[in-house]
Structures are given as structure tokens and as C-alpha cells.
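Chemist: Chains as they are written, first to last, in our numbering: chain A, 9 to 147; chain B, 10 to 141.
Derived from the structure by calculation, the hints contain no laboratory data.
The C-beta atom is built at its ideal place from N, Cα and C for all residues, glycine as well.
One thing to keep in mind: the hints can contain errors.
[Said to hold, decoys possible] Some chain B residues flagged as far from chain A (calculated, every beta-carbon gap over 12 Å):
| # | residue |
| --- | --- |
| 1 | F16 |
| 2 | T18 |
| 3 | P19 |
| 4 | A21 |
| 5 | W76 |
| 6 | I79 |
| 7 | L83 |
[Unchecked claim] Pairwise CB distance ranges, derived in the manner of DEER restraints:
| # | chain 1 | residue 1 | chain 2 | residue 2 | range |
| --- | --- | --- | --- | --- | --- |
| 8 | A | V34 | B | V70 | 39 to 47 Å |
| 9 | A | I105 | B | V127 | 24 to 32 Å |
| 10 | B | I37 | A | T32 | 18 to 26 Å |
| 11 | B | K106 | A | A122 | 30 to 38 Å |
| 12 | A | S123 | B | G64 | 40 to 48 Å |
| 13 | A | I89 | B | V127 | 19 to 27 Å |
| 14 | B | V33 | A | I88 | 36 to 44 Å |
| 15 | B | G34 | A | L147 | 42 to 50 Å |
| 16 | A | P84 | B | K106 | 37 to 45 Å |
| 17 | B | G64 | A | P84 | 17 to 25 Å |
| 18 | A | A124 | B | K106 | 37 to 45 Å |
[As the list claims (entries may be wrong)] Listed below are several chain B residues computed to face chain A (Cβ distance under 7 Å; list not exhaustive):
| # | residue |
| --- | --- |
| 19 | I50 |
| 20 | M58 |
| 21 | Y65 |
| 22 | A68 |
| 23 | M96 |
| 24 | T128 |
| 25 | Q134 |
| 26 | I135 |
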Amino acid sequence: MSGPGLTDPRPLSPHLQIWKFHATMVASITHRVTGSALYFGSFLIAAWIVALGLTPAAGEDVPAFYAAIEAVITSPFGQIILVLWAAAVLYHFANGIRHLLWDGPAIGFDPKVASAWSVFNFIFAGVGAIALWAAATLL
Amino acid sequence: MSSAGAFKTPTAQARGLGSAKEGVGHYIKQRVSAIALIVLIPWFLFSVMNAADAGYEGARVWVAKPWNAILLILTFGAAFFHMRLGMQTVIEDYISKHGTRQALLILNTFAAIGLFAVTALTVLQIWVSASV
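The following block holds chain A by itself, in its conformation from the complex (with noise of 0.2 Å):
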């Protein structure tokens, strides 16, 4: 945590651009970008739950709040959102395992292991979101 306010300059965590471009840099920058995305994407898993808890108004099968989730949802745009935040969990949650490994039993530490996981957890989790949506869609 931070204390209180200093004057003296501290040391920043790295910035983006210093760092020399690589599967194992790309994927740990990817692994915070989806983390963040991920915060504001529970925003809307939690709109789409207070809909559910709300109760139709009278005249309605359904209620207003309800049916405009789920007309976003269904539409091209919402299908997108869907997608790439199926992709964000899968990335984060594969490489979140790998991050478990690392810390715990320290395995995959090697370069050539490091590079290539850091490729199929790119794989995984574009793979895995296309399944998602077309089991969705089509099942």
C-alpha cells in the first residue's frame, strides 16, 4: 500500500515501450490487459443478474430492463462484446494457471517452455471463444 505522500521520486513500475518485443512479454501484457477489461466486463454480468431479480411491470411477460439486455445480447455488436470477453477470461484464466505453476511448483520457467506456452495460451483462447460462441449459437 502506499504511504503517505513523499517528495522524493520512486521507481515506477516499467512502462510498455521499454520492453524488447516477445511471445513472453506479449503474453504477461496481455495477461494485465485482460485482467482490466475483465473488471469492467463483470459490470455487465452484473446488469444482466439485477435484471434477472427484477420483477415484470404490469402488462409485461418480461421485464423492460430485461429485454434490453438480452435485444443487446443478440444483436452483431453484443455477439462481438461476448466473443472477445469469452476470449479474456479463457486467456486469463489459462495463463492464470500458468502464473499458479510458476509461483508454486516454479515449472516453466525455461525459455523455449516459456515462449511456446505463452503462444498456445494466445491459441487457447481464441480457439476456445469461437467454440463458445458456436456451441451457443449453433447447439
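With the hints as your guide, set chain B onto chain A.
Modeler: Below, chain B alone, put in the same frame as chain A:
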């Protein structure tokens, strides 16, 4: 090192400059909530896809089943807790301006707790109203 530093003990030099001895706690909480989410997130993805597909009535019936309600509340608890810890790190890494940093950290805490209260109470309300 400044000449004044030579007369200070190492503790006195470090005091006020570094961690506030809370880093390990944060590290462990982040990972314990991650382990919970390894189980909860696949369940959540699979279930919510089916529930959303069932429409308003169908989704409410799904939420009202005790195990689903319990797992939903656990998922929300673990996810919002994990989210708050992650965003706290992001804010601390990139926002150096003292007032802005503190304001965002407070906002982050309020957002996480607010989201949990709203979602958990909504799930409870659907569960209880269905079983009356």
C-alpha cells in the same frame, strides 16, 4: 548514498521508502482467490451460457436452484475479491500522483464491494422468492 545516511541504521534508512509489510498478504490472497476461480469459472461459463439461453423465466428457475445460487454467490465473491486485488496492483503501478492514486484505490474497493452486495443479494432474492 548521502553522507547523512552513513549515521543512520539500515532500518531507519529503509523506513518510509518501501513496502508497508502488506505485500505478502496481497500476494497470497490473489493466488488463493485464483485457485477458487479455477473451479468456479468453468462452471460459471457453462451454466450462464445455458441459463441466458433459457430466457428470463428459465434463467430465474436456474438461479433459484440452491446449488446454483450458492455457487453463483461464491463465484461473485471470489471474482470481485480477485478483481479488486488485481486492479489495486494496476493502480499502484501506474498512478504515481498521491491524491489520484488514493482516490482510485478507494473507488476500486467501493466498486468491488458494491458489485458483490448487488449481485449476491439479487441471487438470494431470486432464490428465496422462488421457494416461498
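Chemist: Please go over all the hints and tell whether each is borne out by the structure.
Modeler: Hint-by-hint comparison with the structure:
1. F16: holds, 19 Å
2. T18: Given a closest Cβ separation of 19 Å, the condition holds.
3. P19: Label holds. Min Cβ-Cβ 18 Å, cutoff 12 Å.
4. A21: Consistent with the label, A21/B stays out of reach of chain A, its closest Cβ about 15 Å off (over 12 Å).
5. W76: holds, 17 Å
6. I79: holds, 15 Å
7. L83: holds, 14 Å
8. V34/A - V70/B: 39 to 47 Å: With Cβ atoms ~43 Å apart, the hint holds.
9. I105/A - V127/B: 24 to 32 Å: Given a distance of about 29 Å, which is inside 24 to 32 Å, the answer is holds.
10. I37/B - T32/A: 18 to 26 Å: For T32/A against I37/B, whose Cβ atoms are near 24 Å apart, the range 18 to 26 Å holds.
11. K106/B - A122/A: 30 to 38 Å: For K106/B and A122/A the Cβ distance comes to about 35 Å; the hint holds.
12. S123/A - G64/B: 40 to 48 Å: Since the Cβ atoms of S123/A and G64/B sit about 45 Å apart, the hinted range of 40 to 48 Å holds.
13. I89/A - V127/B: 19 to 27 Å: Because 21 Å falls inside the window, the suggested range holds.
14. V33/B - I88/A: 36 to 44 Å: Given a distance of about 41 Å, which is inside 36 to 44 Å, the answer is holds.
15. G34/B - L147/A: 42 to 50 Å: holds, 44 Å
16. P84/A - K106/B: 37 to 45 Å: holds, 40 Å
17. G64/B - P84/A: 17 to 25 Å: Given range 17 to 25 Å: holds, Cβ gap about 20 Å.
18. A124/A - K106/B: 37 to 45 Å: holds, 40 Å
19. I50: holds, 6 Å
20. M58: This hint holds: M58/B lies near chain A, its Cβ roughly 5 Å from the closest one there, short of 7 Å.
21. Y65: Where the cut-off is 7 Å and the nearest Cβ of chain A is about 4 Å from Y65/B, the hint holds.
22. A68: Result: holds, 6 Å to nearest chain A Cβ.
23. M96: holds, 6 Å
24. T128: With a minimum Cβ separation of about 5 Å from chain A (threshold 7 Å), the hint on T128/B holds.
25. Q134: For Q134/B, the interface hint holds, since the closest Cβ of chain A sits about 6 Å away, which is under 7 Å.
26. I135: holds, 6 Å
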